[in-house]
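**Student:** Based on the sequences and whatever the hints tell you, model everything.
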Amino acid sequence: MMTPADWEQNFYYTGLSLQGIGLLFYCIHALKPQTWAREGGWGSTLLAMLCLGLSLYFRSIHAQYFALSNMYESLMVVCIGIQLAFVFLERWFKLRMLGLPVAALLVGTLFYDINLPTEIHPLQPALQSYWRSIHVPIILLSYALFTIAFLSSVVFLLKDAVSNIGGSSPKLAADGPSNSYSDKPYYAQSSVEAIESSLALDKANIYDEITYRCVAFGFPLLTLGIILGGIWANEAWGNYWSWDPKESMSLVTLLGYGVYLHLRVNGAHRHRTLAWVSVIGFALMLVTYFGVNLMGVGLHSYGKIG
Amino acid sequence: MSSTLRTSPTSDNLPNLSVQQSDTNALQKKSFPDQVWELLACFRSVQLAIVLISLLAIATMAGVMLPQDGLVDTAQIKTTFGTNYRLYKAMGFFNVYSSYWFIALEVLFFFNLLIGSFKWLKPAWIAATQTTFKTQKQIQVSGPRQLAFNTPLSSQSLLSSLTSTLKKAGYGVKTDLSNPNTPKLYATKGNFSRLGPHTAHIGILLMLISSVVGVFFGFKAQELAVPGQTFDIAKAQMFKPNIDQQYWLGSTPKWKVHVNDFNMVYYAPGETSMNPQPGVPATVKQYYADLSIIDPKGKTLKRETISVNHPLSMGDTTLYQASFSPTGKLFVEVGGKRMTLQTNTQFMGRPVSLTELGNGKALLAFPFFMQQDPNIERNQAVFFLRDTKGFVGAKAHKMPPNLRLEEGQSGTLSGLSIRYVKPEIATGLQIKKGPEVPWMYLSYLIIISGTIMCIFSQRRIWMAIVPQGNTENSNQLWISYLSNKAHISFAKELRQFEIQWRNQNGFVPLEQSLPEETATV
Numbered sequence: 001m002m003t004p005a006d007w008e009q010n011f012y013y014t015g016l017s018l019q020g021i022g023l024l025f026y027c028i029h030a031l032k033p034q035t036w037a038r039e040g041g042w043g044s045t046l047l048a049m050l051c052l053g054l055s056l057y058f059r060s061i062h063a064q065y066f067a068l069s070n071m072y073e074s075l076m077v078v079c080i081g082i083q084l085a086f087v088f089l090e091r092w093f094k095l096r097m098l099g100l101p102v103a104a105l106l107v108g109t110l111f112y113d114i115n116l117p118t119e120i121h122p123l124q125p126a127l128q129s130y131w132r133s134i135h136v137p138i139i140l141l142s143y144a145l146f147t148i149a150f151l152s153s154v155v156f157l158l159k160d161a162v163s164n165i166g167g168s169s170p171k172l173a174a175d176g177p178s179n180s181y182s183d184k185p186y187y188a189q190s191s192v193e194a195i196e197s198s199l200a201l202d203k204a205n206i207y208d209e210i211t212y213r214c215v216a217f218g219f220p221l222l223t224l225g226i227i228l229g230g231i232w233a234n235e236a237w238g239n240y241w242s243w244d245p246k247e248s249m250s251l252v253t254l255l256g257y258g259v260y261l262h263l264r265v266n267g268a269h270r271h272r273t274l275a276w277v278s279v280i281g282f283a284l285m286l287v288t289y290f291g292v293n294l295m296g297v298g299l300h301s302y303g304k305i306g
Numbered sequence: 001m002s003s004t005l006r007t008s009p010t011s012d013n014l015p016n017l018s019v020q021q022s023d024t025n026a027l028q029k030k031s032f033p034d035q036v037w038e039l040l041a042c043f044r045s046v047q048l049a050i051v052l053i054s055l056l057a058i059a060t061m062a063g064v065m066l067p068q069d070g071l072v073d074t075a076q077i078k079t080t081f082g083t084n085y086r087l088y089k090a091m092g093f094f095n096v097y098s099s100y101w102f103i104a105l106e107v108l109f110f111f112n113l114l115i116g117s118f119k120w121l122k123p124a125w126i127a128a129t130q131t132t133f134k135t136q137k138q139i140q141v142s143g144p145r146q147l148a149f150n151t152p153l154s155s156q157s158l159l160s161s162l163t164s165t166l167k168k169a170g171y172g173v174k175t176d177l178s179n180p181n182t183p184k185l186y187a188t189k190g191n192f193s194r195l196g197p198h199t200a201h202i203g204i205l206l207m208l209i210s211s212v213v214g215v216f217f218g219f220k221a222q223e224l225a226v227p228g229q230t231f232d233i234a235k236a237q238m239f240k241p242n243i244d245q246q247y248w249l250g251s252t253p254k255w256k257v258h259v260n261d262f263n264m265v266y267y268a269p270g271e272t273s274m275n276p277q278p279g280v281p282a283t284v285k286q287y288y289a290d291l292s293i294i295d296p297k298g299k300t301l302k303r304e305t306i307s308v309n310h311p312l313s314m315g316d317t318t319l320y321q322a323s324f325s326p327t328g329k330l331f332v333e334v335g336g337k338r339m340t341l342q343t344n345t346q347f348m349g350r351p352v353s354l355t356e357l358g359n360g361k362a363l364l365a366f367p368f369f370m371q372q373d374p375n376i377e378r379n380q381a382v383f384f385l386r387d388t389k390g391f392v393g394a395k396a397h398k399m400p401p402n403l404r405l406e407e408g409q410s411g412t413l414s415g416l417s418i419r420y421v422k423p424e425i426a427t428g429l430q431i432k433k434g435p436e437v438p439w440m441y442l443s444y445l446i447i448i449s450g451t452i453m454c455i456f457s458q459r460r461i462w463m464a465i466v467p468q469g470n471t472e473n474s475n476q477l478w479i480s481y482l483s484n485k486a487h488i489s490f491a492k493e494l495r496q497f498e499i500q501w502r503n504q505n506g507f508v509p510l511e512q513s514l515p516e517e518t519a520t521v
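The listed protein sequences derive, respectively, from chains U and B.
Position one of the first sequence corresponds to residue 1 (our numbering), numbered consecutively onward.
Position one of the second sequence corresponds to residue 1 (our numbering), numbered consecutively onward.
These are computed hints drawn from the structure, not numbers from a lab.
Note that this is a predicted model, so its numbers are computed, not measured.
Heads up, the beta-carbon is just placed ideally off N, CA and C, and yes, glycines get one too.
Check before you lean on any hint, since a few could be wrong.
[Said to hold, decoys possible] Calculated cross-link-like contacts (lysine-lysine; reagent style DSS-like; alpha-carbon spacing at most 25 Å):
1. B:Lys240 / B:Lys254
2. B:Lys492 / U:Lys94
3. B:Lys299 / B:Lys235
4. B:Lys256 / B:Lys220
5. B:Lys256 / B:Lys297
6. U:Lys159 / B:Lys492
[Said to hold, decoys possible] Estimated spans, in silico, between C-beta atoms of each pair:
7. B:Phe192 / U:Ser133: 26 to 32 Å
8. U:Ser133 / B:Asp316: 24 to 30 Å
9. U:Thr273 / B:Ile209: 32 to 38 Å
10. B:Ile103 / U:Thr35: 55 to 61 Å
11. B:Ser164 / U:Thr35: 32 to 38 Å
12. B:Trp125 / U:Ser17: 52 to 58 Å
13. U:Thr273 / B:Trp125: 28 to 34 Å
14. B:Asn150 / U:Thr35: 32 to 38 Å
15. U:Thr35 / B:Gly70: 57 to 63 Å
16. U:Asn10 / B:Tyr100: 56 to 62 Å
17. B:Asp232 / U:Phe111: 55 to 61 Å
18. U:Ile114 / B:Ala90: 28 to 34 Å
19. U:Ile114 / B:Gly315: 49 to 55 Å
[Stated by the list, open to error] Interface residues of chain B toward chain U, partial, derived using beta-carbon atoms under 10 Å:
20. Ile53
21. Val64
22. Thr283
23. Tyr444
**Tutor:** Listed below in C-alpha cells is the structure:
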C-alpha cells in the first residue's frame with residue numbers, strides 16, 4: 001500500500017525525469033529547429049509541472065498542512081511557478097529560444113532541491129495562519145516570473161551581442177508594434193502581411209517584451225506578497241515591518257524592479273540597459289531568497305537552508 | 001535604423017534663443033504659486049524618482065549587510081570595527097533605518113512622489129478619459145502605425161460592422177457623425193491602466209502619511225504577566241510611545257488587562273505525521289492566554305482567549321500573544337500540602353529553590369524547562385531533601401537520593417510524598433495602539449489596485465471613413481492605432497480584425513506612398 005509520502009516521492013522523481021526529457025527535446029530543437037522537438041519540450045514541461053503539483057499535494061496530505069514551510073517545499077513551488085509561466089508564454093508567443101534555458105534551470109533546480117533537507121516538521125505557532133497559504137505562494141510566484149524575466153533578458157542580451165538589437169529605446173517601440181526596428185514604413189504595406197512582418201521583426205525583440213511582461217506581472221505580485229506579509233506580521237506580532245533582513249531585502253528587490261519599470265516608462269533608456277537592470281533585479285531576488293536565509297537571523301529564519 | 005517622423009511648423013522648430021526668451025518672460029509674469037511650482041520642478045522628474053529609488057535600495061541593502069544594533073550584539077560589532085566603531089556609529093551605519101540620511105532619503109522620496117503625482121495625474125486622467133477623433137489626414141501623418149482599406153460597404157454598414165467587431169473585442173466605441181459623409185470612430189480599452197501608476201503612488205503617499213500618524217499617536221508595550229495578575233498598560237514593563245514622550249500626542253487606554261489563565265499546548269504523539277521522537281523535546285503547538293478587559297469600575301468589558309496569530313482588539317489597541325517566561329515559581333504538593341516554591345538561590349549557575357519545611361528540613365528543587373533544555377521532553381524538577389547534617393540519606397561519593405518528576409507526576413523522597421504540579425509561566429504580551437491601522441490597510445488596498453491596473457495596457461484605435469467617387473458602396477477606411485504596452489498582443493488582435501474584415505467584409509488593403517508631410521530619418 002503506497003503512503004502519501006511514497007506518492008509524493010514518486011511524483012517528484014517523475015516530474016524531474018519528465019523535465020529532463022523536456023530538456024533533451026529542447027537540446028534537439030536548439031541543434032536542429034523542429035516543431036516536434038519544441039512541442040515535445042513544451043509537453044514534457046507541462047506534464048512535469050502536473051507531477052510536481054501532485055507531489056506537493058501528497059506532501060501536504062502527509063504533513064497535514066499546506067506544505068510550504070521550508071526551502072525544499074518553497075523551491076518546488078517556484079519551479080511549478082516557472083513551469084506554469086513558461087507553458088503559457090511559450091504557447092502565446094511561440095518562443096523558440098527560451099525553452100532550453102528554462103528547462104536547464106528547472107532540471108538543475110530540481111536536482112538541487114532534492115538534496116535539501118526534506119523532513120517534515122510540525123508548524124511552529126507563528127506559521128499556523130491562513131496568511132501563510134496566501135503570502136508565501138504569491139511571493140514565490142513573483143520569484144518564478146522574475147526568473148523567466150531574467151532568462152529572457154539573458155537570451156535578449158545574447159541575441160544583442162550577436163546582432164546588436166538592443167540599442168533602441170522602448171519609447172519608440174511604444175509608437176507601434178515594430179517601427180523602432182523596421183526599415184520599411186509599416187504604413188506603406190497596410191495589410192495582414194504588414195502585421196505579420198511586424199511580428200516577425202518583433203521576434204528579434206520579443207525577449208525584451210517577455211522580460212517586461214514578466215516584470216509587469218511579477219511586480220504587483222511581489223507588492224501584494226509583501227503587503228500581505230505586513231498584514232500577517234501585524235496580526236501576529238503587532239508590527240507591519242520590522243526591518244528584518246528578509247523583509248529589507250524583499251523591499252530592495254521590489255525597488256530594483258521598480259527602477260526597471262520607471263526606466264521603461266521614462267523611455268529614454270535602451271533595451272540593453274533594461275535587460276541588464278532585469279539581471280540585477282534577479283540577483284537581488286536571489287539574495288532575498290537564498291542569501292538572507294544563510295544569515296539564519298530575523299523573523300524569517302525558519303526558511304533557512306539545512 | 002529609421003523611422004518616420006512628422007515634421008510640422010510648430011514651436012518645436014523655433015530657435016532655442018526664442019524659446020528661452022519666451023520662457024523667461026513667462027516666468028516673470030507667473031504668479032507666486034506658479035513660481036514655487038517651477039522651483040519644485042526638480043522634484044517631479046521621473047529621473048529623480050529613479051535615482052531616489054536606487055539610492056533607497058542601496059541604503060536598505062546596506063542595512064542588511066551591515067550588522068545592526070538589536071540584531072547583532074553591540075560588543076561583537078565593536079570588536080569587528082575596532083577603532084572605526086565610533087565613526088561608523090555616528091554615521092548611522094549600525095542603525096541604518098533610523099539614521100538621518102536614510103530618513104532624509106525617505107523624505108525626498110515622499111516629496112518626489114507627491115509633486116510628481118500632481119504633475120502627471122492630470123495628463124494621465126485626460127489620456128484615460130478624453131475622446132478624440134482623427135480625420136483621414138491626421139491618420140495619414142500618424143507615421144507607421146496605420147492601416148488603410150478599400151471597402152465595398154456603405155458608410156453606415158461599415159460603421160455598424162466596425163462597431164460590432166470592436167465591441168465584441170471589449171472596446172468602448174464612440175462615433176463622430178457631425179459630417180455624415182466622413183464619419184469617424186474612436187475605440188479604446190484599458191483606459192483605467194493609465195491611472196494605475198498614479199493610484200499606486202497615491203497609495204504609497206497614504207501609507208507614508210499613515211505611518212506618521214502611527215508615530216505620533218501610537219505606542220507599543222510589553223508585559224510579562226502571570227495568571228491572576230491585572231495590569232495597567234500605561235504602567236507596563238516596556239511601555240514606549242512611538243516617538244519621544246514630549247512629542248507624543250496619543251493616549252493610553254483607561255481599562256486594564258487581567259490574565260485569567262495561560263497555557264502552552266504541545267503536539268501530542270500521533271497528532272501529526274511527525275511524532276515526537278524519544279529524546280527530542282515536544283514541539284509547542286500553540287500558546288493560549290485567557291484575557292479579560294476590565295474597566296475602571298471593575299466591570300469586564302471583554303473576555304477572549306488569544307494565541308499567536310489571534311490577537312485581542314479593543315478599539316485601536318491590540319494585545320498579542322508574543323512570548324512566555326518561567327517566573328521561577330514551582331507549584332508542588334509536599335506531604336499532601338500545596339506549596340509554592342520560589343527559585344531563590346543558585347547551584348553551579350542554575351536557579352534553585354531552597355524551601356524550609358520545618359523540623360530542620362529543607363526541600364531543594366532544581367527546575368528544568370523544556371524550552372530551555374533540549375534534552376528533556378517535558379518540564380521537570382529534581383528534588384533533594386536536606387537537614388541540618390546535609391542531604392538526607394546521602395552516602396559518601398554517591399549522588400544523594402533525589403526525585404525527578406515531570407509536571408503532574410508524584411513520588412516519594414526519603415518518605416516524603418511530593419507532587420510536582422507545574423511551574424508558573426508568565427505570558428509575554430505585546431500591546432500596540434495603532435490608530436493608523438485602518439488607513440494603512442486602505443493604503444495597501446490602493447497600492448495593490450494601482451499595481452494591478454498597471455499590468456493592463458491602454459489600446460486606442462482611430463478610424464476615418466472616406467467616401468470614394470459617387471458610389472455609396474465604396475468607402476476607404478483609414479485606421480490609426482496606439483498602445484502603451486503589450487505591442488505584440490495588440491498586433492495579434494489587429495491581425496485578427498484584419499483577417500475578419502478581409503474575409504467577411506471584402507476589405508482590400510490600400511497601397512499608398514508616404515504623404516509629403518512625413519520624412520524618413
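**Student:** Does each hint fit the structure? Answer for all of them.
**Tutor:** How the hints compare with the structure:
1. B:Lys240 / B:Lys254: holds, 16 Å
2. B:Lys492 / U:Lys94: holds, 12 Å
3. B:Lys299 / B:Lys235: holds, 20 Å
4. B:Lys256 / B:Lys220: holds, 15 Å
5. B:Lys256 / B:Lys297: holds, 10 Å
6. U:Lys159 / B:Lys492: holds, 23 Å
7. B:Phe192 / U:Ser133: 26 to 32 Å: holds, 30 Å
8. U:Ser133 / B:Asp316: 24 to 30 Å: holds, 28 Å
9. U:Thr273 / B:Ile209: 32 to 38 Å: Given range 32 to 38 Å: holds, Cβ gap about 34 Å.
10. B:Ile103 / U:Thr35: 55 to 61 Å: holds, 58 Å
11. B:Ser164 / U:Thr35: 32 to 38 Å: This hint holds: roughly 36 Å between Cβ atoms.
12. B:Trp125 / U:Ser17: 52 to 58 Å: 55 Å Cβ-Cβ, so the 52 to 58 Å window holds.
13. U:Thr273 / B:Trp125: 28 to 34 Å: With Cβ atoms ~30 Å apart, the hint holds.
14. B:Asn150 / U:Thr35: 32 to 38 Å: holds, 37 Å
15. U:Thr35 / B:Gly70: 57 to 63 Å: Holds, since Thr35 (chain U) and Gly70 (chain B) (Cβ atoms, about 59 Å apart) stay within the stated range.
16. U:Asn10 / B:Tyr100: 56 to 62 Å: Holds: the Cβ-Cβ distance is about 58 Å, inside 56 to 62 Å.
17. B:Asp232 / U:Phe111: 55 to 61 Å: holds, 59 Å
18. U:Ile114 / B:Ala90: 28 to 34 Å: About 49 Å separates the Cβ atoms of Ile114 (chain U) and Ala90 (chain B), which means 28 to 34 Å is violated.
19. U:Ile114 / B:Gly315: 49 to 55 Å: holds, 51 Å
20. Ile53: holds, 5 Å
21. Val64: At 5 Å from the nearest chain U Cβ, Val64 (chain B) passes the 10 Å test, so the hint holds.
22. Thr283: Hint on Thr283 (chain B): holds, closest Cβ of chain U at ~5 Å, below 10 Å.
23. Tyr444: holds, 5 Å
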